[in-house]
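S.K.: The chain contents come next:
Number of protein chains: 2
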Amino acid sequence: MNPQEIEKKSFEIITEIMQKEYPDIKIPQEQQSIVKRVIHTTADFEYLHTLCFCNDAVKRGKQALKKGISIVTDTQMVKSGINKKAVECLGSEVYCFMSDEYVAEQSKKQNTTRAFASMDKAAQMQKELIFAIGNAPTALIRLHELIQQNKIIPPALIIAVPVGFVNVVQSKELILSLDVPCIVAKGRKGGSNVAAAICNALLYEIIPNVL
Amino acid sequence: MNPQEIEKKSFEIITEIMQKEYPDIKIPQEQQSIVKRVIHTTADFEYLHTLCFCNDAVKRGKQALKKGISIVTDTQMVKSGINKKAVECLGSEVYCFMSDEYVAEQSKKQNTTRAFASMDKAAQMQKELIFAIGNAPTALIRLHELIQQNKIIPPALIIAVPVGFVNVVQSKELILSLDVPCIVAKGRKGGSNVAAAICNALLYEIIPNVL
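In order, the protein sequence lines correspond to chains A and B.
Numbered according to this note's numbering, the first sequence terminates at residue 218, and the numbering increases by one at each position without gaps.
Numbered according to this note's numbering, the second sequence terminates at residue 218, and the numbering increases by one at each position without gaps.
A couple of the hints might just be wrong.
A pair counts as met if it fits within one copy or between any two copies, since identical chains are not told apart.
As the list claims (entries may be wrong) - Result set (DSS-like, lysine-lysine): computed pairs, CA atoms no more than 30 Å apart in a straight line:
hint : residue 1 : residue 2
1    : Lys66     : Lys43
2    : Lys73     : Lys27
3    : Lys33     : Lys158
4    : Lys92     : Lys115
5    : Lys15     : Lys115
6    : Lys193    : Lys16
7    : Lys116    : Lys16
8    : Lys193    : Lys15
9    : Lys43     : Lys115
10   : Lys116    : Lys92
The hints are simulated quantities; they were obtained by calculation from the structure and are not laboratory data.
One chain only, chain A, in its complex shape (with noise of 0.2 Å):
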């Protein structure tokens, strides 16, 4: 089988798991592809219960590609994750901040995290952005303060998906407060790879065919 026989049979057992499975969970039909990308990215059913869905996330997140809007990510794996091909044919680009050499000496400076220094080298960009954190609940945090301290452009979609055990969950709960369109994987779980799969979901629902 070829990469995207494998992808298609994947999606089909995925489908088939969920309605076997999990009969009393109906996922609206725009979030469906979003949904069974990061169980196939994950191996794992519990995002059928996680994964939440804020302020018109899915048709401002395709508007805001389709417009070639860009994407910030947290991490180097979020960005090596996307597909760059998307990303190019859409006129859009991926920035990661974090080995750029003003965030480092902010972050000194400052003494905070270099993802939430990162974050505000993305608001001088003073541009509509979407951004993806699949790691960093500091990022979650600073990103949380800029937008209700007027001091970024809202944003056009957050995907908040970090994983781990300190701040995570109390920093999408935050995000979740906002009155911004959002993806936010509730609890504990989460990463590079589910902030990737939600932004590839996205692009194939527009560009099917560069997969």
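We have chain A; now place chain B onto it with these hints.
M.R.: Showing chain B alone in chain A's frame:
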């Protein structure tokens, strides 16, 4: 809290949950840092049940890294997740051949996946290598063939943790059947993040201050 403090706190929480909620699972001392780092990366305690260590995997993997043996990954995501500073300190390198032109050509010519062809490319290096496979069962299937047919220098360690629904479980069982040091996540779960976490756990055991 700075990232080091957050990480330390996370590992304390993981250790506490393991003791309280899984008192019957005894992880050998040398495997602890790997198992905990995988849980740190996934927030998924199922790995307590599924991670297998065969043929002195931890000892052999650490010996290999100390000697500067290089790592071959099956995705750019695994490559970007591995701590570059640690790898450089040891005189090792991380290779991913998925975007290699020769690999793209060969996979087309032979109607295989690029992951399959990238294992052939690795075999052609004629060096002892560590393999960190977090995505492609076809990489493991080809690795198994190459080893059985003596067409590759026996790997120092195979990290076999692809995720998914097609051929994944079987490909991991193939690796477990070999007489080669391996760390395997049995079942469907795994991923690029898990593969990178296992590499990093080994690296940090050797040079803890690089974190």
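S.K.: Confirm or reject each hint.
M.R.: Hints and how they fare:
Only within a single protomer do Lys66 and Lys43 lie at most 30 Å apart by alpha-carbon distance; the minimum there is 17 Å, versus 38 Å between protomers. When the C-alpha separation of Lys73 and Lys27 is checked against a cutoff of 30 Å, the pair qualifies neither within a copy, at 35 Å, nor between copies, at 49 Å. With identical chains, the CA atoms of Lys33 and Lys158 are never at most 30 Å apart, being 38 Å at best within one copy and 50 Å at best between copies. With identical chains, the CA atoms of Lys92 and Lys115 are at most 30 Å apart between copies only, with a shortest distance of 19 Å across copies and 35 Å within one.
For a Cα distance limit of 30 Å, the shortest separation of Lys15 from Lys115 across copies, 19 Å, qualifies, whereas the shortest one inside one copy, 46 Å, does not. Proximity of Lys193 to Lys16 under the C-alpha cut-off of 30 Å is found in both arrangements, the shortest distances being 28 Å within a copy and 20 Å between copies. Taking CA atoms no more than 30 Å apart as the test, Lys116 paired with Lys16 passes between copies only; the shortest distance there is 23 Å, against 51 Å inside one copy. With identical chains, the CA atoms of Lys193 and Lys15 are at most 30 Å apart both within one copy (28 Å) and between copies (23 Å).
Proximity of Lys43 to Lys115 under the C-alpha cut-off of 30 Å is restricted to the inter-copy arrangement: shortest distance 28 Å between copies versus 40 Å within a copy. Proximity of Lys116 and Lys92 under a CA criterion of 30 Å is satisfied inter-copy only: 22 Å between copies versus 37 Å inside one chain copy.
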